[in-house]
Amino acid sequence: MIFQVRTDNHIRNSAEFAESIRADVEAAIGDRFGDRLRRVEVYLEDVNSDKGGIDTRCSVEVHLAGRPAVAAHDIAADVETAVDGAVERVLRVIEKQLGRQDDRAGHTSAAGDQGM
Numbered sequence: 046m047i048f049q050v051r052t053d054n055h056i057r058n059s060a061e062f063a064e065s066i067r068a069d070v071e072a073a074i075g076d077r078f079g080d081r082l083r084r085v086e087v088y089l090e091d092v093n094s095d096k097g098g099i100d101t102r103c104s105v106e107v108h109l110a111g112r113p114a115v116a117a118h119d120i121a122a123d124v125e126t127a128v129d130g131a132v133e134r135v136l137r138v139i140e141k142q143l144g145r146q147d148d149r150a151g152h153t154s155a156a157g158d159q160g161m
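Numbered continuously in our numbering, the sequence shown closes out at residue 161.
None of these hints come from the bench; they were simulated from the model.
Please read all numbers here as calculations on a predicted model, not as lab measurements.
Possibly wrong hints are sitting among the right ones.
Said to hold, decoys possible - Pair ranges (Cβ atoms, derived): (1) 116 - 58: 16 to 24 Å; (2) 96 - 144: 19 to 27 Å; (3) 143 - 59: 32 to 40 Å; (4) 120 - 48: 19 to 27 Å; (5) 133 - 46: 16 to 24 Å; (6) 141 - 98: 17 to 25 Å; (7) 98 - 59: 20 to 28 Å.
Each residue gets a CB set at the ideal place from its N, CA and C atoms; glycine is no exception.
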């Protein structure tokens, strides 16, 4: 799996920082989709620089084998919270898409109808 962390000029990126982000993201995503994961990209941005406030934006893009890329973002006061929020959101999108795929494969839908 390819894992990338990209930051803007206001957030310091280092090998230790990227490894910390990777560990958090893999702990959340890897257990569910480990062998299907092809690439994960995390983008961090300090929206209004030195002014402070809730301004750290994290976008997470996940590429699963045989599926189009899925992305989500979150904005929070610090990097960890923004990453956690973006990961939660992207997981919901993936699970929703995979649920739809299962319904088309002939499983019972939420409405109780058999897929065709």
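How the hints compare with the structure:
1. In this structure the supplied range 16 to 24 Å holds for residue 116 paired with residue 58, their Cβ-Cβ distance being about 20 Å.
2. For residue 96 and residue 144, the hinted distance range of 19 to 27 Å is not satisfied, since their beta carbons lie about 41 Å from each other.
3. Range check, residue 143 to residue 59: Cβ separation about 34 Å, and the 32 to 40 Å hint holds.
4. Remark: the range hint 19 to 27 Å for residue 120 to residue 48 is upheld by a beta-carbon distance near 22 Å.
5. Hint check: residue 133 to residue 46, Cβ distance near 20 Å, so the stated range 16 to 24 Å holds.
6. The hint said 17 to 25 Å for the Cβ distance between residue 141 and residue 98, and at roughly 31 Å that hint is violated.
7. Taking the beta carbon of each, residue 98 and residue 59 are about 24 Å apart, inside 20 to 28 Å as hinted.
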